[in-house]
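K.L.:
Take a look at the letters that make up each chain.
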Amino acid sequence: MAEEKNYKIIQPDNSEENKFLKPENYKREVTAPDGNTFIVDPLNDYFCDAKPQPHAPNTIKVVEKFLNWARSQSIWVLGFGTGCGSIEIYPLMTPRFDAYRFGVQQRPTPRQSNLMIISGYLSVKTLKRAIRSYEQMQSPKFVMALGSCTINGGMYWDSYNTINRLDHYMPVDVYVAGCMPRPEALLAGFMELKKRIREGKGEGANQYAENFDWYKANQKKIIKDWNMPDYNW
Amino acid sequence: MKEIINNIQEKFKISEVTEQRENQYFISVEKKDTIQLVTYLKDIEKFTNFILLTAVDWIEKGQFQLTYMLNHPSKKLDIGVRTFIERENATMDSAHHLWEHVATFQRELKEMFGIDFPGSPRVDEPFLLEGWDNIPPMRRDFDTKKYSEETYFPRPGRSTNDPAEHMKKKLYPNE
Amino acid sequence: MKIVYVLLGLFIIINYGLLQAGVLRRITARVGKRIGVPFYQPYIDLIKNYAIRSQFSHGVMFYLGPVFRLSGGVGIFLFMPLIFGNEIFSNYSMAGDLILIMYFMFIGMLGMALGAGEGGHPYSIIGITRGLSQFTTVEVPFTLAVISIAIQYQTLSITEIVAAQQGGIMHWTLMTNPLATGAAMLSFLGMMMYAPFNVVNAPQENPLGPPTEFHGTFLGMLQTNRVILGVMEAILFMNLFFGGATNWGILFIKAFLIYFYPVFVGAVFPRYRIDQSIRWFLYLPTALGILAIIFI
Ligand code: SF4
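Chains as they are written, first to last, in our numbering: chain Z, 1 to 233; chain V, 234 to 408; chain H, 409 to 704.
For reference, chain Z alone in the conformation it holds in the complex (with noise of 0.2 Å):
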């Protein structure tokens, strides 16, 4: 369809800020069918940019525990796999380890999992994808780390494009130490999440949006071309 360009793209100052902003991103004036002109900001007009509130915890004590006992009983796994450790995420639901016993399921979307595995290494550009990730999730979402990689860096400690401590980006609730740990493991460290959980100490999301700027600060000094609105939800 040949179409007729109706609007005109505003070039960004030379700020520190627009950098790496996208060319899709560029503020744009448009002119409507009507005659119009206005003014469109992809970063703000496109999407929701509210910040993340904290969510109470139900008031009364036995519903709350309750609650948290059914939360720890069924968590959806986010299958999102970095690093070395998506290969050890697979066995998990096969006859051997069988985490489906455990109520660990997975699934595919964001939208409605609980828990992001976090299963190694996280380079820059993947970093940016898993917080996207992670910030649609909806509340109260856990997040477990695997390897040592994700702890202080592992064996990329001093590598120039992976992260060396994953909770400066995101609240983490168990970490699993190994390089890389086997299933069995792994389905430890779901025991450990379960015990937190029913505890009442599974609160991450809740951490994450009292703590939102410094999270957002640490994610910005390396991710510099971010490109999006500072919170997906």
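Heads up, a few of these hints could be off.
Pairs of lysine-lysine, BS3-like flavour, derived with a Cα cap of 27 Å [as the list claims (entries may be wrong)]:
hint, chain 1, residue 1, chain 2, residue 2
1, Z, Lys-224, V, Lys-308
2, V, Lys-378, Z, Lys-19
3, V, Lys-403, Z, Lys-216
4, V, Lys-379, Z, Lys-128
5, Z, Lys-128, V, Lys-378
A short list of chain Z residues far from chain H (calculated; beta carbon distances all over 12 Å) [stated by the list, open to error]:
hint, residue
6, Leu-21
7, Thr-37
8, Lys-61
9, Glu-64
10, Lys-141
11, Val-172
12, Arg-182
13, Lys-224
Residues from chain Z that face chain V, not an exhaustive set, calculated with beta carbons under 7 Å [unchecked claim]:
hint, residue
14, Tyr-7
15, Tyr-160
16, Arg-165
17, His-168
Hints are computed from structural coordinates only; laboratory data are not their basis. The beta carbon of each residue, even a glycine, is placed where N, CA and C say it ideally should be.
Chains V and H with the ligand: place on chain Z using the hints.
P.N.:
For chains V and H with the ligand alone, kept in the frame of chain Z given last:
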């Protein structure tokens, strides 16, 4: 293989021939002859399979060494074409017209070493490093450890051992 | 007073459906030599989904999608006689007939299409396109079978169809009209969306199908509906072809066996692509349905 090398030597100025294995040779040519030679190998000698294009940083000489690895699928022969280019403002002729996927290697070299390949498709787009604003990380004057320590919040308490020293202490504690 | 009985029936059906879903998941796990989820897992999943703390919406239709879907399931329930000859559990079956129930089966899908469309996720739109095209072809043999038994019994009211089948196994439609039963049972495989025909939801894969964007309470509603719809479709088939039920025990056994059959097929057979499954429904089951009308 010998025959092919002889053929090449008749037609091009080869500065050095290394025999790695019976069926694997490396030949060095000048920068201006490189693409010609690669084209010749592909079209006349039928080295139709392009394996890789890689670079080595010879910082002491102020040069980059590029290696084009080619493979002859039916005769099972490998040949590597080496060439040196200047390190300052490094540019090289693009070979993406011979094989499409060369463009990807060139994109990577542009990002990791800062070697430019004018005309290669998408060569300026980021490959792995999105929003990188330092010197290209594979150059040897880039200190990756320092960069990592400054950027990625290293966890305190990490200790490292030099393997040689460590084993020496462990095996011969009295010396 | 009626409404209390209806709610009671709904409560029983939901619990039965949840338990049945858990047991069936365990059975499929056993087929794969696993132990599988605990049988109460569907309850927990449901509770957890309703207890998700944060919600967001993509717009009005996004809210209404699950509502439509749930009203489809509940609609079928409302107009379906559960127990033959029992005033309490015959619901509003005097007010509606087979055509209305078939309409409710489709409206859920349509509502879901609108909701998933507003969600804007490309995978959900792919899923809903697949779902609608498959469901349309599934309806063809089923409708033919329904026409066949409507001619046979000269009525569209489910209660009367059940009444005509009383008096032993030889009076069931299964025996008196096997062609229609065959066509309908084959289309039942497509309705339940187990393995050969589950590319619509494509569970365990990246494209999750229509519910990709739905979360929390929305997803909880979809799950509730799935439970009701599954059991109600099994009960519909029981009423039409297998002589209905005169008490709860017979209903549970028959519904379980009918429900078990697509699960069993699903545990054994691999999955069809969408074009293959459409073609499959338009060959054998449709042919059976046409024969059922001819040789009534
Ligand atoms: S900890 Fe080891 S196995 Fe895990 S990602 Fe790092 S290097 Fe790979």
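K.L.:
A separate judgement is required for each hint: does it hold in the structure or not?
P.N.:
Evaluated hints:
Of the pairs offered as hints, the one joining Lys-224/Z and Lys-308/V is violated, with about 49 Å between alpha carbons and a cut-off of 27 Å exceeded. This hinted pair checks out: Lys-378/V and Lys-19/Z have alpha carbons roughly 26 Å apart, not beyond 27 Å. Distance restraint check for Lys-403/V and Lys-216/Z: the Cα-Cα separation of roughly 46 Å exceeds the 27 Å cut-off, and the hinted pair is therefore not satisfied. At most 27 Å may separate the alpha-carbon atoms for a hinted pair to count; Lys-379/V and Lys-128/Z meet this at roughly 23 Å.
Restraint check for Lys-128/Z and Lys-378/V: the C-alpha separation of about 22 Å stays at or below 27 Å, so the hint holds. The Cβ of Leu-21/Z lies farther than 12 Å from every Cβ of chain H, with a closest approach of about 24 Å, so its non-interface assignment holds. Distance check on Thr-37/Z: its Cβ is at least 27 Å (rounded) from any Cβ of chain H, clearing the 12 Å threshold; non-interface status holds. Every CB of chain H is more than 12 Å from the CB of Lys-61/Z (nearest about 15 Å), matching its label as outside the interface.
Not every Cβ of chain H is farther than 12 Å from the Cβ of Glu-64/Z; the closest lies at roughly 9 Å, contradicting the non-interface assignment. At roughly 9 Å from the closest C-beta of chain H, the C-beta of Lys-141/Z falls inside 12 Å, breaking its exclusion from the interface. No Cβ of chain H approaches the Cβ of Val-172/Z within 12 Å, the least distance being about 20 Å, so the stated non-interface status holds. The Cβ of Arg-182/Z lies farther than 12 Å from every Cβ of chain H, with a closest approach of about 19 Å, so its non-interface assignment holds.
For Lys-224/Z, the requirement that its beta carbon stay farther than 12 Å from each beta carbon of chain H is met, with the minimum near 28 Å. About 24 Å separates the beta-carbon of Tyr-7/Z from the nearest beta-carbon of chain V, more than 7 Å, and the hint is not met. Interface restraint check: Tyr-160/Z against chain V, minimum CB-CB distance 4 Å, threshold 7 Å, status holds. Taking 7 Å as the C-beta cut-off, the interface hint given for Arg-165/Z holds, the closest approach to chain V being about 5 Å.
With a least beta-carbon distance of about 5 Å to chain V, the hint placing His-168/Z at the interface is held under the 7 Å criterion.
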